[in-house]
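Trainee: Sequence lines, in order, name chains A and V.
The first sequence begins at 1 in the numbering used here and counts up one residue at a time.
The second sequence begins at 1 in the numbering used here and counts up one residue at a time.
Calculated from the structure, these hints are not laboratory results.
Check before you lean on any hint, since a few could be wrong.
What the hints assert, rightly or not - Stretches of chain V that chain A covers, calculated by requiring three or more beta carbons in the stretch to come under 8 Å of a beta carbon on chain A:
(1) 99-107
(2) 410-416
To be verified - Covered stretches of chain V, as calculated for chain A (at least 3 residues, CB under 8 Å):
(3) 15-29
(4) 39-45
(5) 235-243
(6) 275-284
(7) 422-433
No residue lacks a Cβ here, since even glycine has one placed at the ideal position from N, Cα and C.
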Amino acid sequence: MQTTWAYISNYFVYSAMAVFTISFISHAFETAFAVRAPEVADATQGNLLLKTLDYKRTEKAARIATAMMILGFILLLAGVIARGISAKHVPWGNMYEFSITGALAFTGAYLMALRKYDLRWLGLFVSISVLLTLGTAITLLYRNSAPLVPALKSTWLVIHVVAAIISGGVFLLANVVAGAYLYLERFEEIDQRPIWLQRVPSLEVLDQLSYRLVAFVFPLWTFAVIAGAIWAESAWGRYWGWDPKETWAFITWVAYAAYLHARVTVGWRGRRAAWLCIFAGSTFLFNYVYVNVWGTGKHTYSGL
Amino acid sequence: MSRDLEIPELGFVALLRYAWRQLTSMRTALILLMLMAVAAIPGSLIPQRITNPIAVRDVFITNPGLAKWYERFSLFDVYGSPWFSAIYILLFISLIGCVLPRSVEHYRAMRAQPPATPRNLARLEHYQAFASDLGALNRAEQWFKEHRFRVRVENDSLSAEKGYLRETGNLLFHLSLILILVGVSFGSLFGMRGEAIVNVGERFINIPTSYDSLSLGKLTSDKSLPAFEIHVDKFVAQYDPVTNAPKDYTAWVTITNDGKTYKKRIKVNHPLTFGNTRVYLQANGYSPVVTVRDSKGFVALQGPVPFLPQDGNLRSIGAIKVPDADPPVGFVGSFVPTNSRAGGQGAISIFPELLDPKLLFSIWKGELGLDSGIPQSVYRIDTSSLTKIGLGSVKPGETFTYPEGSITLETVVPWVNLQIVDDPGKTYALFGGIVAILGLLSSLYGRRRRIWIRTTSTGVEVAGLAKNGAPGLEVEVDRFIERVKGE
Numbered sequence: 001m002q003t004t005w006a007y008i009s010n011y012f013v014y015s016a017m018a019v020f021t022i023s024f025i026s027h028a029f030e031t032a033f034a035v036r037a038p039e040v041a042d043a044t045q046g047n048l049l050l051k052t053l054d055y056k057r058t059e060k061a062a063r064i065a066t067a068m069m070i071l072g073f074i075l076l077l078a079g080v081i082a083r084g085i086s087a088k089h090v091p092w093g094n095m096y097e098f099s100i101t102g103a104l105a106f107t108g109a110y111l112m113a114l115r116k117y118d119l120r121w122l123g124l125f126v127s128i129s130v131l132l133t134l135g136t137a138i139t140l141l142y143r144n145s146a147p148l149v150p151a152l153k154s155t156w157l158v159i160h161v162v163a164a165i166i167s168g169g170v171f172l173l174a175n176v177v178a179g180a181y182l183y184l185e186r187f188e189e190i191d192q193r194p195i196w197l198q199r200v201p202s203l204e205v206l207d208q209l210s211y212r213l214v215a216f217v218f219p220l221w222t223f224a225v226i227a228g229a230i231w232a233e234s235a236w237g238r239y240w241g242w243d244p245k246e247t248w249a250f251i252t253w254v255a256y257a258a259y260l261h262a263r264v265t266v267g268w269r270g271r272r273a274a275w276l277c278i279f280a281g282s283t284f285l286f287n288y289v290y291v292n293v294w295g296t297g298k299h300t301y302s303g304l
Numbered sequence: 001m002s003r004d005l006e007i008p009e010l011g012f013v014a015l016l017r018y019a020w021r022q023l024t025s026m027r028t029a030l031i032l033l034m035l036m037a038v039a040a041i042p043g044s045l046i047p048q049r050i051t052n053p054i055a056v057r058d059v060f061i062t063n064p065g066l067a068k069w070y071e072r073f074s075l076f077d078v079y080g081s082p083w084f085s086a087i088y089i090l091l092f093i094s095l096i097g098c099v100l101p102r103s104v105e106h107y108r109a110m111r112a113q114p115p116a117t118p119r120n121l122a123r124l125e126h127y128q129a130f131a132s133d134l135g136a137l138n139r140a141e142q143w144f145k146e147h148r149f150r151v152r153v154e155n156d157s158l159s160a161e162k163g164y165l166r167e168t169g170n171l172l173f174h175l176s177l178i179l180i181l182v183g184v185s186f187g188s189l190f191g192m193r194g195e196a197i198v199n200v201g202e203r204f205i206n207i208p209t210s211y212d213s214l215s216l217g218k219l220t221s222d223k224s225l226p227a228f229e230i231h232v233d234k235f236v237a238q239y240d241p242v243t244n245a246p247k248d249y250t251a252w253v254t255i256t257n258d259g260k261t262y263k264k265r266i267k268v269n270h271p272l273t274f275g276n277t278r279v280y281l282q283a284n285g286y287s288p289v290v291t292v293r294d295s296k297g298f299v300a301l302q303g304p305v306p307f308l309p310q311d312g313n314l315r316s317i318g319a320i321k322v323p324d325a326d327p328p329v330g331f332v333g334s335f336v337p338t339n340s341r342a343g344g345q346g347a348i349s350i351f352p353e354l355l356d357p358k359l360l361f362s363i364w365k366g367e368l369g370l371d372s373g374i375p376q377s378v379y380r381i382d383t384s385s386l387t388k389i390g391l392g393s394v395k396p397g398e399t400f401t402y403p404e405g406s407i408t409l410e411t412v413v414p415w416v417n418l419q420i421v422d423d424p425g426k427t428y429a430l431f432g433g434i435v436a437i438l439g440l441l442s443s444l445y446g447r448r449r450r451i452w453i454r455t456t457s458t459g460v461e462v463a464g465l466a467k468n469g470a471p472g473l474e475v476e477v478d479r480f481i482e483r484v485k486g487e
């Protein structure tokens, strides 16, 4: 029974990957085929064939892309739940399980933000990064479904890990937006945006958006750290011990605190703020990858 | 030299004031914050004494030159090092210097009335002017009250403000960080932490000599240990038969405390609590119960000897020291709970439970140096001045005989490692943490805004102002205007 559910979970994850691939191709198709070459050369522009973008032409592709993203989210959610049923515990016992849940959170953060902001230009990036994460997870990190080690048997596993994963998804989204800001700024400086970047919002909007995302999720990250401390007190006999994972969670927290102060009280905007945001986000990623794979300490469990 | 070129010398007080202003400036705070993030990094890359003392010792052995330099810059104790302490102490001074004046200012602002209505509302955001009857101001005041704005009533206008919770939350958040720091320091000054290995069937009495390791806070006295006794009745560890990973650890204990005796269970995540002191189940292993007889047939040692686990399948190493035998002997041993039958040399365990236990050892003769005064590990024997007299292995019930005596493995009992911790500061830290989250929520999601309304010769005019550019004010102003119009 247990293994059956693990197989079902794998099928769901594979299907989600197929669907995310369709989403990725549709996103690429949307941008590529929106480019319209002019029929007559414009003499005023020195006979340059100026291309324009017409997203109406590829509206259908865009819809398919977003619909596939939602379908992928649902399939992946089913995969994560089936994995949980197979293991008889919340599926956060090893790095494979963290990775598929993290990909789920990242897609979820994107879809949530999409309801409020026009973020479809980000879809290409989101679908490819989710695909890469799932691909790495299923090929390199896959482990058979197994019971939890005693230290993980606690209600705090659900609370602490949910908070940490959601925070991570939103932090990474903020990072992507800040990255888009820096990339776009290089073109704005020479006053020329490439045609396929026409739809990316203005620099001010990107700047604000990454700040909003961080400010929105910073309290949740604080909660994730404190919930971890409460759990550590009952599992390991101390609420804080500078374990590598704890240390990097602290570094991430301080870095984002610096980012928020820089923006709100010192008035940093634009490039400097974006770099600081990316630095803070990288400390989170580093914590996830380095401490789980190469690190020592209490957060590393047998076999990743 | 003309006199007016002379630079006035900064007095001592002025210098202090200048330094204070620099330290409490936001720029300095920001630099200190980033410094702290960066300064915490080496502690996660270089082994730390508090988390991994064995790895620190290994650096000293494999790379003494590097270790010496690390030691010079306290890189094995980053979080207690002078430079890390300097950063966070300066940061907290800067924080206090920033937050305290702001708290006073905020307290005054909360008690004061909102500022007067600006003369020219038309220049502000969300400005609207429209015809209205005489009851407009009354309706406006009522709306403000319903929505808990603080209102300043003037002759022909109302000035209303809301959202003080934003700054209140902000200040509370920063003050709560001080509380967390106080809790942490309090815990390390007045707390204690110790570990003891207890064989199943034996008793732990909470006095300093019962501990294998005990560290007391700087201001803790070792007489303050609460008097309790724990007898370990039974210990069960369950493992997954496929992955060999542990599934559950449970210890059944009998406690004597305050003259009462009662039974309890200790599990990981479920420690015992005696007031501020908690007892955790941290690790487990096996103690072979051996009887060693010397050449004359006298029993020189009888009882359980704890062995130290080396891997997930609990292959363990240990030393059986028998100084009272004639001649004195020592056994350097390995213990495996489930012996690998695959053959080959050495001790290999293939499962952590006692399915096919085996004790393997080498026997050494000579003075063990237990009275030499040099501290020794109970799990190791320094064999440099001893002579090897044999090599053997026993299973439970078996006896191995050598010319100078014999060793019998009677049975094997598990041992548990109890961690006993008293942290009187943790309640403050927890309270600080909760306040920090609440403060953060209201400071990041709170919006401070003002709305004004003034009667003019033709009707009324309305304007609003959102501090920090918080969104959503225009919707609020529209609703407000609906009410004022009496719609």
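Trainee: If any of the earlier hints don't hold here, list their numbers in rising order.
Mentor: 1 and 2
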